[in-house]
Amino acid sequence: MLTKRIIPCFDIKNGRVVKNVSFLTNERDAGDPVELAKVYEEQGADELVLLDITATNEGRATMLDIVRRTADQVFIPFTVGGGIKEVEDIRELLLAGADKVSMNTAAVKNPQLITDGAKRYGSQCIVVAIDGKWNVEMQDWEVMINAGKVSTGLSALKWARECEDRGAGEILLTSFDQDGQKNGFDLDFTRRVSESVRIPVIASGGAGEKSHFYDVFTTGKADAGLAASIFHFKETTVTEVKKYLKERGVSIR
Amino acid sequence: MIAIIDYGMGNLRSVEKALESLGADLVVTSDPDVVRQAAGVILPGVGAFGDAMENLRQQGMISAIQDVVAAGKPFLGICLGMQLLFTSSDEHGFNEGLNLIEGHVRRFQGDFKIPHIGWNDLTLTRESALLDGVQNGDYVYWVHSLVVEPVDRDVLLATTDYYGEVPGIVGRDHVFGIQFHPEKSSRVGLTLLRNFVGMVREGVRA
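From first to last, the protein sequence lines are chains A and B. If you count the first sequence from 1, position 27 lands on 27 in the numbering used here, and the numbers rise without skipping. If you count the second sequence from 1, position 21 lands on 21 in the numbering used here, and the numbers rise without skipping.
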C-alpha cells in the first residue's frame, strides 16, 4: 500500500542551513545541508525539500554544488525550490541531480513555466508550491507570493486545479495562517485542495507535534506532510513521528 | 566493468552515484562497442518510450544490447529501461520495444491519482539472486504512469499493489527489470543494486 510521506524541509543560504540544527553537534557539520540530509535519510525521511533562499548569483552556483553533493550521497528523492525563474533553471537543477523542482512566485507570474517544465521534463518533477491565506472578503484561501508579502487575489483552490491542468505533478501547500504557529496543519484548507485535485498534496505549515501529522493524513487527506523546525530542533524525530503514525494504523514506510 | 547506457533519456547521475557508493567499476557510455565489452549493462532512463527506442536505434545500441544479452551477461533495465525490455508500449501511440521479455506496456487506467508516486511495498513472487536481503513488505520509491503486462507471469519477481497488481521487478534468465527507482529507495534499493553488481562480478547467469 502506498504510504504517507514525511518530508523534512530546510532553508539554505549561501550553502549553509539557515537555522541552527541542534542535533548535529559538530560545529562544522551543523550547517552543512548534505550532512543534514544524510541524517534525515538515516532517520527514515521519505523525501527531502531543500529551499534555496539565496538571492545572489554566487549563492546559486553554491546551491548547484550542494544539489550535486546531495545527489551523490543521499539515496532518497529530494526536491529543490527557490529562485527558479525559467525553464533553464529547472534544467540546471535536474542535471545537478535534483529529483524534482518546486516553483512558487515564478509559477504564479508565469504559469507557462509549469506547462513548459512538465512538457520537457515530465510532470513527476514539477512541484508547484502554493502559499495560501484565508481571505475573509473572498471567503476563500488566497494565493500569496513573494514569501507571503504580496497577495494575488487568486483562489488557492482554483490555482491548484490550474497547476494540475498545466501538468504539475504535485502541490506543496503551505498555510500562511498556520505556518510557524506550531498548533497543527490547516486541515480544512489541505482537505479542500486535496479533494479538488488528482495529484498528490504535500501539506506544510503548522506542525508542532506528532499528532498533527496524524490529523493532516486522516482529516486533512494529505499525501505527505512537510515540516522544518519540529525536526531540526529535536522536538521529535522523523523516526518517532513514523512510529507514532504506524501505531495508529497510518500506512507508513 | 558495468556499462550504464547514456541515450539522452534523463539524468543518469543518481544511478551512477548509487552504484559508485557500492564500489562498482563503472562506465557511462553511448558507445555500442563499450557496451559490448562490458561484463554487465544497466539501461536506466525516464521519458517517453518512443523517443527512447528512437535514440537507441540512432546510436546503434539495439544490436549491442542484443549481443550483450545473447552473451549471457547480466542486464538490468530501470524504470523506463525496464519498460523498454518488453515487446511494445501504448505510450503516445503504439511503439515497439526491445522484446527481450514478451509483454506490453500500458497506461494506468482508473479513477485514482496518476502517476503512482511514493513509497509502496513489495510482494516477492519468485526467488532470485537479485532479491538477496530483500524481504516481503520492504518499501521502495515509485514514480510511473505506465505498467508492464508480461505475457508469462513467471517473469514476475516482485509486485506491489496500486489499485491492482503492479509488476515491480521482472527477470528472465539474466535479464532483469526494476520499475521503481532503486537509486532512490535507500537501503532496499541499494541492496538490489549491490546484488546486481555481485552477479556481474561473478559472471553469474542467474
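Calculated directly from the structure, the hints in this document are not laboratory data. Virtual Cβ for every residue (Gly too), placed ideally from N, Cα, C. Honestly, I wouldn't trust all of these hints.
What the hints assert, rightly or not - Taking lysine to aspartate or glutamate pairs in the EDC-like style, the calculated list, with each CA pair at most 16 Å apart, reads: (1) A:K182 x A:E142; (2) B:K113 x B:D51; (3) A:K221 x A:E240; (4) A:K246 x A:E195; (5) A:K133 x A:D179; (6) A:K234 x A:E42; (7) B:K113 x A:E235; (8) A:K149 x A:D179; (9) A:K119 x B:D6; (10) A:K109 x A:E162; (11) A:K119 x B:D51; (12) A:K182 x A:D215; (13) A:K210 x A:E164; (14) B:K17 x B:D6; (15) B:K17 x A:D72; (16) A:K243 x A:D65; (17) B:K113 x A:D165; (18) B:K113 x A:E164; (19) A:K210 x A:D177; (20) A:K158 x A:D179; (21) B:K17 x A:D65.
Stated by the list, open to error - For each label pair, taking beta carbons as the anchor points, the in silico distance ranges come out as: (22) B:D161 x A:E235: 16 to 24 Å; (23) A:T218 x B:Q58: 47 to 55 Å; (24) B:E127 x A:N135: 53 to 61 Å; (25) B:E54 x A:E88: 49 to 57 Å; (26) A:L95 x B:R57: 45 to 53 Å; (27) B:F112 x A:E42: 28 to 36 Å; (28) A:D188 x B:E202: 29 to 37 Å; (29) B:D31 x A:V87: 38 to 46 Å; (30) A:E235 x B:Q58: 52 to 60 Å; (31) A:V250 x B:G72: 55 to 63 Å; (32) B:Q135 x A:E42: 18 to 26 Å.
Right, here's what the structure says about each hint:
1. A:K182 x A:E142: Distance of about 21 Å is beyond 16 Å: violated.
2. B:K113 x B:D51: Not satisfied, since the Cα-Cα distance of roughly 25 Å exceeds 16 Å.
3. A:K221 x A:E240: violated, 21 Å
4. A:K246 x A:E195: violated, 24 Å
5. A:K133 x A:D179: holds, 10 Å
6. A:K234 x A:E42: holds, 15 Å
7. B:K113 x A:E235: Distance of about 33 Å is beyond 16 Å: violated.
8. A:K149 x A:D179: holds, 14 Å
9. A:K119 x B:D6: violated, 21 Å
10. A:K109 x A:E162: Roughly 13 Å between the alpha carbons, so the hint for K109 (chain A) and E162 (chain A) holds.
11. A:K119 x B:D51: holds, 14 Å
12. A:K182 x A:D215: OK: K182 (chain A) and D215 (chain A) at ~13 Å, within 16 Å.
13. A:K210 x A:E164: violated, 30 Å
14. B:K17 x B:D6: Satisfied, since the Cα-Cα distance of roughly 14 Å is no more than 16 Å.
15. B:K17 x A:D72: holds, 5 Å
16. A:K243 x A:D65: Violated, at roughly 34 Å.
17. B:K113 x A:D165: holds, 14 Å
18. B:K113 x A:E164: holds, 11 Å
19. A:K210 x A:D177: It is violated: about 19 Å lies between the C-alpha atoms, which goes past 16 Å.
20. A:K158 x A:D179: violated, 21 Å
21. B:K17 x A:D65: holds, 15 Å
22. B:D161 x A:E235: 16 to 24 Å: With Cβ atoms ~35 Å apart, the hint is violated.
23. A:T218 x B:Q58: 47 to 55 Å: Distance hint for T218 (chain A), Q58 (chain B) holds at roughly 51 Å.
24. B:E127 x A:N135: 53 to 61 Å: Given about 59 Å between the Cβ atoms, the range holds.
25. B:E54 x A:E88: 49 to 57 Å: violated, 25 Å
26. A:L95 x B:R57: 45 to 53 Å: violated, 25 Å
27. B:F112 x A:E42: 28 to 36 Å: Holds, at about 32 Å.
28. A:D188 x B:E202: 29 to 37 Å: violated, 58 Å
29. B:D31 x A:V87: 38 to 46 Å: violated, 30 Å
30. A:E235 x B:Q58: 52 to 60 Å: holds, 55 Å
31. A:V250 x B:G72: 55 to 63 Å: Violated - the Cβ-Cβ distance for V250 (chain A) and G72 (chain B), about 46 Å, lies outside 55 to 63 Å.
32. B:Q135 x A:E42: 18 to 26 Å: Holds, at about 20 Å.
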